[in-house]
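Novice: This is what each chain is made of:
There are 2 protein chains.
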Amino acid sequence: MENKFFTEKDLENLLGKEDEKKTSLNIIPVGISGRHVHLSKEHLEILFGKDYELTPIKNLTQPGQFASKETVTLAGPKSVIENVRIIGPVRSKTQVEILTSDAFKLGLKPVVRLSGHLEGTPGITIIGKKGTVVLDEGVIVSQRHIHLNEEQGRERNLKNGDVVKLRTRGIRSAILDNVSVRVGDNGYLDCHLDQEEANALGLNSKSYVEIVR
Amino acid sequence: MENKFFTEKDLENLLGKEDEKKTSLNIIPVGISGRHVHLSKEHLEILFGKDYELTPIKNLTQPGQFASKETVTLAGPKSVIENVRIIGPVRSKTQVEILTSDAFKLGLKPVVRLSGHLEGTPGITIIGKKGTVVLDEGVIVSQRHIHLNEEQGRERNLKNGDVVKLRTRGIRSAILDNVSVRVGDNGYLDCHLDQEEANALGLNSKSYVEIVR
Numbered sequence: 001m002e003n004k005f006f007t008e009k010d011l012e013n014l015l016g017k018e019d020e021k022k023t024s025l026n027i028i029p030v031g032i033s034g035r036h037v038h039l040s041k042e043h044l045e046i047l048f049g050k051d052y053e054l055t056p057i058k059n060l061t062q063p064g065q066f067a068s069k070e071t072v073t074l075a076g077p078k079s080v081i082e083n084v085r086i087i088g089p090v091r092s093k094t095q096v097e098i099l100t101s102d103a104f105k106l107g108l109k110p111v112v113r114l115s116g117h118l119e120g121t122p123g124i125t126i127i128g129k130k131g132t133v134v135l136d137e138g139v140i141v142s143q144r145h146i147h148l149n150e151e152q153g154r155e156r157n158l159k160n161g162d163v164v165k166l167r168t169r170g171i172r173s174a175i176l177d178n179v180s181v182r183v184g185d186n187g188y189l190d191c192h193l194d195q196e197e198a199n200a201l202g203l204n205s206k207s208y209v210e211i212v213r
Numbered sequence: 001m002e003n004k005f006f007t008e009k010d011l012e013n014l015l016g017k018e019d020e021k022k023t024s025l026n027i028i029p030v031g032i033s034g035r036h037v038h039l040s041k042e043h044l045e046i047l048f049g050k051d052y053e054l055t056p057i058k059n060l061t062q063p064g065q066f067a068s069k070e071t072v073t074l075a076g077p078k079s080v081i082e083n084v085r086i087i088g089p090v091r092s093k094t095q096v097e098i099l100t101s102d103a104f105k106l107g108l109k110p111v112v113r114l115s116g117h118l119e120g121t122p123g124i125t126i127i128g129k130k131g132t133v134v135l136d137e138g139v140i141v142s143q144r145h146i147h148l149n150e151e152q153g154r155e156r157n158l159k160n161g162d163v164v165k166l167r168t169r170g171i172r173s174a175i176l177d178n179v180s181v182r183v184g185d186n187g188y189l190d191c192h193l194d195q196e197e198a199n200a201l202g203l204n205s206k207s208y209v210e211i212v213r
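Residue numbers (full-length UniProt numbering), protein chains in the order written: chain A, 1 to 213; chain B, 1 to 213.
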């Protein structure tokens with residue numbers, strides 16, 4: 001499999017060979033994220049009205065998560081980005097995930113963080129149909145990470161909070177450091193990269209990468 | 001220097017220590033490229049008029065190369081991108097360098113290639129002030145590469161056509177495979193990455209990377 005992408009077929013082939021089971025367990029699919037917003041219930045109501053509920057239009061790979069019909073406008077000191085998708089359901093805290101190029105466009109410092117680690121991150125103005133929210137912090141560039149459930153973690157000898165490396169294939173192949181492991185009750189097995197990381201590595205949503213330690 | 005970017009100061013510090021000379025020789029600056037177009041004389045004249053000459057507005061790091069005042073529009077099957085900078089001087093063959101995200105936007109397949117290797121690459125329509133050129137091929141996503149001159153190559157035991165790896169630092173650090181070495185008479189020492197690669201690695205135009213083999 002040198003010098004090309006892992007495909008779903010490669011994985012099928014590998015999974016058929018018992019002696020390559022260990023290798024195949026470490027080969028996992030890629031999930032690619034673009035810019036999006038998670039909203040608290042409070043902020044959703046300011047932006048769209050009291051008791052407003054998001055309208056799911058597409059389920060995402062992580063169970064329970066969905067892309068909603070609703071979008072917002074992000075306004076930074078330098079410019080705005082329209083039609084930014086809201087990911088539901090609502091969360092305890094509002095979080096805006098953008099690409100590094102979005103940060104430059106908006107006039108914000110790109111700060112790479114895991115989801116939920118918002119201390120000291122830039123703020124932004126979020127504009128909805130019915131109102132505006134001014135955040136003091138909460139804008140991150142997503143730090144790459146692997147999602148899996150308890151059993152998948154045990155099979156791979158990985159636990160929540162571990163940091164591993166990833167090997168990718170193809171003409172833009174690389175070994176990526178600092179990949180965080182997030183083990184959750186119902187995590188769907190994949191590695192989350194943002195769109196710029198995927199493009200820089202020549203990966204797409206059908207690609208696979210290999211966990212190395 | 002673990003876990004942060006190389007800065008110009010890091011390099012100065014390293015260069016001051018004779019016993020780290022070998023390491024320091026392998027630490028080189030990053031040059032970041034966005035989308036741009038190189039034009040043949042023939043195509044420049046179709047796009048801007050007979051005997052037209054490009055107007056330099058900024059010299060680039062590679063000697064003799066400049067950003068010109070003039071821009072063009074790129075039109076693909078799916079959409080257009082306006083205000084794309086022309087890099088002068090004219091070349092023997094027209095070449096369009098875009099980001100992977102540009103390829104998706106335009107509706108083209110992103111094909112990663114070194115400059116000048118255009119066989120089998122997608123075509124595109126280029127629109128200028130006075131005319132339009134329809135290219136059958138010539139659109140590439142730039143393959144990362146290192147520029148240096150003969151003496152810098154000798155010092156580092158690198159020759160034209162070599163392929164090395166690069167180590168980067170910081171929270172998005174990685175080891176990049178398939179980095180081509182281009183030794184030229186008057187090459188300026190740097191490593192060319194495109195804007196998406198730089199963003200994905202957390203690098204900027206003041207960053208340094210390390211050649212590893």
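Warning: the hint list may mix true and false statements.
No copy is singled out in the list; a pair is fine if it fits within one copy or between any two copies.
[As the list claims (entries may be wrong)] Derived PhoX-like pairs: lysine-lysine, alpha-carbon spacing no greater than 20 angstroms straight-line:
id: 1; residue 1: Lys159; residue 2: Lys50
id: 2; residue 1: Lys129; residue 2: Lys105
id: 3; residue 1: Lys206; residue 2: Lys109
id: 4; residue 1: Lys206; residue 2: Lys105
By construction, these hints were calculated from the structure, which means they are not laboratory data.
Novice: Any hints from earlier that this structure breaks? Give me their numbers in increasing order, please.
Specialist: 1 and 2
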